[in-house]
Amino acid sequence: MGVEKAARVLRGIRDSLEDEEPAAVATVGVMAGALLASLVGFLLVSSLTIVPFGIFVVTAGYGWLRHQELTAKTLALAMTVSTILILLLITAFIFREAVPVIEYETATVFGVAVPGLRLFIQPEWEAVTPPVRYSMVPMIHGTVLVTLIATAVAAPLGIAAALFISEIAPAPVREAVKPGVEILAGIPSIVYGFIGFTILSPWASDQFQILGQGTYLFVGIVVGLMALPTVVSVAEDALASVPESMKSGSLAMGTTDWQTMTSITLPAAFSGVSAAVLLGVGRAIGETMAATVMLRGVPRLTDPLYNAFYGQETLTSLIARNYGEAEGLQMSALFVAGVILFITVLFLSIGSQYIEARMRSKLGGEQ
Amino acid sequence: MAAETDTRNRNPLVRDDASGTGLVAAGAVGLSALLFVVSLAVLFQAVDLTDAVAGVPVVTLLGGGLVVLGAATVAFGVGSRLGFVETEPQASAGMLAGVVFAATWVVVAGLVASQTLGLGTAGWLVASLAVGGGVFALSVGTREDVGSTVPAGALAAMAGLVFLAGIIGPEWVWDLGFEQKASFTGGFTVPTVTLFCSLVAGWASAKAYGGFGARGRHTGAYTLVYLNAGSIVGVLFLLLAFTVFKGISGLVNGFAVGLGAGPESTIVLLGQSISWEWPFYLPFVMNGVGLTNDFNGVLPAIVGTVWLVVGAVLFAVPLGVGAAVFLTEYAERGRFTQAVEVATNGLWSTPSIVFGLFGFAFLIPRFGNGKSLLSGMLTLGFMLLPLVVITSREAMLSVPDEYRDASAALGVTKWQTIRSVVLPAALPGVVTGIILGVGRIAGETAPILLTMAGGVFVPGSQTPDVIGGFAFTSTPPFVENPVLLDAASALPYQLYALITAGVGASGNVANPDEFKWATALVLLVVVLSFYAIGIAARYYFRRELNQ
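Chains as they are written, first to last, in our numbering: chain L, 437 to 803; chain Y, 78 to 624.
It is worth saying that the hints were derived from the structure and are not from the lab. All values reported here derive from a predicted model rather than from experimental measurement. It cannot be assumed that every hint is accurate.
[To be verified] Looking from chain Y toward chain L, a few residues come up when the C-beta cut is under 8 Å (computed): (1) Val310; (2) Leu313; (3) Ala416; (4) Gly516; (5) Leu600; (6) Tyr608; (7) Ile612; (8) Ala614.
[What the hints assert, rightly or not] Here are some, though not all, of the chain Y residues that point toward chain L, as calculated from beta-carbon distances under 10 Å: (9) Leu173; (10) Ala214; (11) Asp252; (12) Glu256.
[Unchecked claim] Simulated restraints on C-beta separations: (13) Ala688(L) to Gly160(Y): 31 to 39 Å; (14) Phe706(L) to Asn370(Y): 27 to 35 Å; (15) Ala578(Y) to Glu539(L): 31 to 39 Å; (16) Ser482(L) to Gly367(Y): 12 to 20 Å; (17) Glu539(L) to Gly311(Y): 19 to 27 Å.
No residue lacks a Cβ here, since even glycine has one placed at the ideal position from N, Cα and C.
Let the hints inform the model, and build the full structure from the sequences given.
Written out as structure tokens, the structure reads:
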């Protein structure tokens, strides 16, 4: 499919080039070639990368002055391709770095060696004393607990706030609450973490008579607060996209506003609202700094498993805490954590986009 | 819109209809609000459970309040059922109320059976399911006025009696018996239970105040939704106010105003050097950390953050806007644009620490094999890019097609149309999106953790001077800038380093705690001013458009 697509794009480019002056096409060709060469040079870590890049800049400048139309279009295309390229590069590089530990942690099941399996079937993380073992189980457990708590906070409160902003609040109140939610998203995560670390963690240790500091419970609540604005803004968009005529039709039957919301607006926007929750879950999974400063940093399971009063380590905080002294296999293990995060969140993102697209076509929007 | 005015006109009518008995329900709503606030105060330790108000300990007040609240709620419901109060109840309280009440009572009955009565697993399971089923039948099977008040009122009254009898008091501790020790203490349980009961009973009595039925549910739901919105805004204010309160003393340390009070700054521009003296002196943002400093500050981190943002914007904005131009103006909707859309949305939700890992694996080996300002800039640029693409696309899509047609009718080329019609019209949206995106990346710690780093207490001599760092060399890559390739600090990273450095590391800073909070405050001010500018710009442009 990829080859087919590339062929179609190439054909499209050739068709559009046929009407252009040969000089312009030549300029653009040199420009594209130089750009490609500098990309290759950059990937190969060559100090000569600057040469093709210089050629690119010069030809682009010349083309801009003499053949602006085609140059602009080519540059715009190159920029578009670069966004896909970055995603591909991220995938390629974090996977490549993760390979050594996946090979190291090969486990045999029924006589078949499965690379990386031992990362997921035993909970021991022992990076120093032999036998050296890396395991993602404690961190996955931590991430799941934190995400569950965060979702329990962010989903209901976020949907209620989105209803408030989109349907209930009188205009002046809305104008005050909406930027407020945006600013809540703007507070840097390290500031949340700092307040959590200095105020919430000691308080929780005191209240629940916990040994030491750091609980998944409060990390989850703080992360939920941070995921809240994402849920609110996406859910609000979904609610606002329900056609006014549907709501008016219901109100004309003599229902109360609340009845209209629960029986018309929310069901119609249901898929958009669930996409909002999915995106919020994605935010919660990826939240790093608050978790890093509030957790204990000891990669082990809590005992019992549902004991959320103790906070050990999440996938994100594992990376942030250990990148400094990690080398070789341990660094590679951090990349495995990154790969898990990346794939999970990418799936959540694609899932929510799919849901949103379906909702748009159902409600008969612009597309 | 029509709906809102509608409600506002109707609400007074309802209130006129309500007789004196409506006061009971209104009073119950007020009492739950009061209990809610008091239990929050207890939870945040502004008030202690054993403190006495008018000679009565707070825990007794909470218990008494809950009993009164529960009694009033039940009384109103039963009164309505017996016809003393005029309401319009429906046949049943509905599934939602039934599930909420039943779930609550399952937990209560389960805890009482297993912990207080000491029944075994089978015993407490049976007891809790029996009670839960009973409550569910009561709330769903009876008329709404009974079904939605009695379970809630009984819960509040029972909790109140438990507190009054001293079964759960300030000294109460319930050890959960976990391997990793954890317990519920009275100091946490009493206010939390009160909080929950006041919410449930407040919801029930708000429904009662609205006279049950559709109108009553409307009132009950609106009460909770307003409370939720209020709490979110309240939390925001609390966070901001708290940070300002803790950080302001460190920030204004040694503040002085007056001619010649501040340090001298020099800018070299085209061989001309311009220098001036600041008319005020705010040492925390004008100094680094040093032995000889009268007051220490975070200037290197501030300058580092500024350069980071500048670098990220220079990288991401042309790239993102160009991509948006291609997607909206040149490309036809198809697989390619769809792939780009999925990629940009995927990039947008990728966790920031993954960008950090990517920068670590991809950029660092290519820029001098060490953490550097340049790697940090590009990593943040990668993060900013999808946001620029998404917002620029939205802005360009909202430019009406008539503009493009009118321009094309003049016989100009497509690119001229884009340059002189589409881009200017989309500019406000693009600029607003960029400013908000910059606010987001300026506060990011995780990506620069792995790519840029910096120190805990950074001396003033490490303030990056990017413009002065450029130099030409005879070997490729011909241009070098050691400043870009050096590790630098930034505000969010410095705050992280300060937190994790622990108590021992104090550098030359006299009061590390004050220093941390002041750093947090400066970071907050820097980031939120981007947001404030972005939001203000949006309002300004929207007003301009509407005129």
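Interface hint for Asp252(Y), Cβ within 10 Å of any Cβ on chain L: holds, 8 Å
Outcome for the supplied range 27 to 35 Å, where the beta carbon pair is Phe706(L) and Asn370(Y): Once the Cβ atoms are compared, 59 Å apart, the range 27 to 35 Å for Asn370(Y) and Phe706(L) is violated.
Status of the hint placing Gly516(Y) at chain L (closest C-beta pair under 8 Å): holds, 5 Å
Was the hint right that Ala416(Y) lines chain L, CB cutoff 8 Å? Hint holds; Ala416(Y) Cβ to chain L Cβ min 6 Å, cut 8 Å.
A range of 19 to 27 Å was offered for this pair. Does it hold for the Cβ distance of Glu539(L) and Gly311(Y)? Violated: the Cβ-Cβ distance is about 52 Å, outside 19 to 27 Å.
Distance restraint hint 31 to 39 Å, applied to the beta-carbon atoms of Ala578(Y) and Glu539(L): With a Cβ separation near 36 Å, Ala578(Y) and Glu539(L) satisfy 31 to 39 Å, so the hint holds.
Hold the hint about Leu313(Y) up to the distance rule: shortest CB distance to chain L must be less than 8 Å. holds, 5 Å
If I claimed the Cβ atoms of Ser482(L) and Gly367(Y) lie 12 to 20 Å apart, would that claim hold in this structure? violated, 41 Å
At a threshold of 8 Å, is the proposed contact between Leu600(Y) and chain L supported by beta-carbon distances? holds, 6 Å
Does the nearest C-beta of chain L fall within a distance shorter than 8 Å of the C-beta of Ala614(Y)? violated, 12 Å
Please verify that hint: Leu173(Y), Cβ, nearest Cβ of chain L, below 10 Å or not. With a closest approach of 9 Å, the Leu173(Y) hint holds.
Given the hint of 31 to 39 Å, check if Ala688(L) and Gly160(Y) actually sit that far apart at their C-beta atoms. Once the Cβ atoms are compared, 33 Å apart, the range 31 to 39 Å for Gly160(Y) and Ala688(L) holds.
Comparing the model with each earlier hint shows violations of hints 8, 10, 14, 16 and 17; every other hint is respected.
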